[in-house]
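**Q** Protein sequences, first through last, are from chains A and B.
So for the first sequence, our numbering puts the first residue at 1; every next one is plus one.
So for the second sequence, our numbering puts the first residue at 1001; every next one is plus one.
Among the hints, erroneous ones may be present.
Stated by the list, open to error - Looking from chain A toward chain B, a few residues come up when the C-beta cut is under 8 angstroms (computed):
{"#": "1", "residue": "191"}
{"#": "2", "residue": "207"}
{"#": "3", "residue": "341"}
{"#": "4", "residue": "369"}
{"#": "5", "residue": "370"}
{"#": "6", "residue": "372"}
{"#": "7", "residue": "373"}
{"#": "8", "residue": "375"}
{"#": "9", "residue": "376"}
{"#": "10", "residue": "377"}
{"#": "11", "residue": "381"}
{"#": "12", "residue": "391"}
{"#": "13", "residue": "392"}
{"#": "14", "residue": "395"}
Unchecked claim - Residues from chain A that face chain B, not an exhaustive set, calculated with beta carbons under 8 angstroms:
{"#": "15", "residue": "379"}
{"#": "16", "residue": "380"}
{"#": "17", "residue": "387"}
If you are wondering where the hints come from, they were derived from the structure by calculation, not from laboratory data.
Cβ coordinates follow ideal geometry from the N, Cα and C atoms, glycine included.
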Amino acid sequence: MTGEPTGLLHTGDAASLPGAGNTWIDSLRQAGARRFTGLGLPTRKVEDWKYTDLRALSGSAWDHPAALADPVETGEDASAVLVNGCWTRGDRPLPDGVELVSLARAIEDEDDVVRSHLGSVASLARKHFVALNTAWLADGLVLKVADGVRVDEPLHVTLAGAPGAQRLAWHPRNLIVLGREASLTLVVRHLGTGDYLANLVEEVVLERGSRLRHYRVQDDSPDAVSVSTTEVKVAGDASYESFVLATGAGVGRNQIAVELGEPGASVRLDGACLGRHRQQLDTTTVIDHAAAHCTSREAYRYILDDSAKGVFQGRVTVRKHAGGTDSHQSSKTLLLSGRAGVDAKPELEIYADDVRCGHGATVGEIDQDALFYLRSRGIPLDEARDLLIGAFIEGALETIGSPVAQELLLDHAMAWRTRA
Amino acid sequence: MTEGQVLYKGEDLLEMEPEERAQSGLFLAFQYPVEIPGVPTVSFLKHAMNSVRKAKGESPLDAFEFKKIMDARLADLRIDNSMVRRPLNAGFSGGEKKRMEILQMALLEPELTILDETDSGLDIDALKVVADGVNAMRSPDRATLVITHYQRLLNHIIPDRVHVLAGGRIVRSGDPSLALKLEESGYGDLVTAA
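Make the full structure from the sequences, and use the hints.
**A** Structure, rendered in structure tokens:
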């Protein structure tokens, strides 16, 4: 497929993007544009996109946010707020050793970290949305934590969508770099109303011995297509822990690719997708055990009601020299309706000996005996169901390592039960 | 169920939802209570009590009022407080599960309790907890139907009436001595007589 009929790509505006005229950023954008022109939007004939239907992206043409949108009340007290993909404010004092600036400014300033890392983690190969995002590289945030700086208190970032009556697409890019032995907890919250495509790409670089806890609440507009791509490079003895709670968007895709590049690196990718109506919630992960003695854990949980659809694709590659790999993956789904469904596809590619790799997937309904037991004690059917769904949610969120973030995500997930 | 009705206070029990039966004052102690990991026992108990209270038109208990009542019942039944801090029945021993059933009965204060083979697989300590719980609830406005195959439980819960059910019919009724006699002679005579 060449060309792109929906107006997602129009290179004519590139001259007005931040840093335009600087060769390094221009050529990065051009590479992205060329790549996306070649790839186009993925169809279900593309292996990675077999289970998720992107037809919601066709139809009337897309506009791109002209300038900063009017301030939007997000009801959040956050260290950074992006509205329609553009940095609008950062109004919380930052801990010492933590830097948080807009990508647009960092590009204009030719920031060293941005020059050395931007585009180096998120590859353009086969990645339709990364290519599109790169073509539009303009804003987002740059978050740096200095060597040895450890911050317990979570840092909050809000990505809000407010296209008004327009049909907008935006492509923010976040660059997160943790120095040696640094640690940080980051909570990213997506929310919005209206019809939009939010195409976020995050590049994460974790230097030796560092630790990032990266939590996301995807509560985008029910009319939105929300694609988040997080690509992570984990150095020796560093660890990346992610939890994605997805309740929003008509089509929500969370793709995470992690490279465990040196011995002792570890990753934990967990999440919960809570869907109803005709929502499609997709989790696609790639874990690359590129060095010996690395650990990966993955657990995704789905609760799907009405005609909602879940997708879990989890690829784990263990390279030839990655002996001593310890990897486990699981997906569990609770179906609340006969019309809901999930496609679960674990893919293990193991080229090394002496590895421990496991995976498991289960799909079930509400336990009727448990339901009867609760009802036999006077608890009405709806409330008994809520209790059992709540129990499943609690189990799903128990791996969240930060108590503050856990409470926040748990509140959001529990509230999902009674939302329309 | 092939024919007939089950009437409770003039209402057809079979037409009622499980929660409606409970709300109207019926309590069935299960032979094998279900394990429900993830549902904390305390919140389940409070939820159940308030559901029954709501159906009776009573105001819900707040956390403080509920805890006072629960602590009192735990003490009455000599049940350790740690049990209610665990998920409902999850990993409970057979005896603990039966204690939990009796605790629920004591909290919900039903008018009619049915103990279905509650004594199966119980050690003597757990048996006493069950019996003490039932005996404490005895009053002229409450009834308890104890279904058992053995005399053992009836040494601790002295029945007012004993009915022998065989082949789907009550074949003999009598006072507590009937159960004792059965323990000696077995059911054989009664079954052939029927």
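**Q** Name the hints, by number, that the structure is in violation of.
**A** Those not satisfied are hints 1, 2 and 3.
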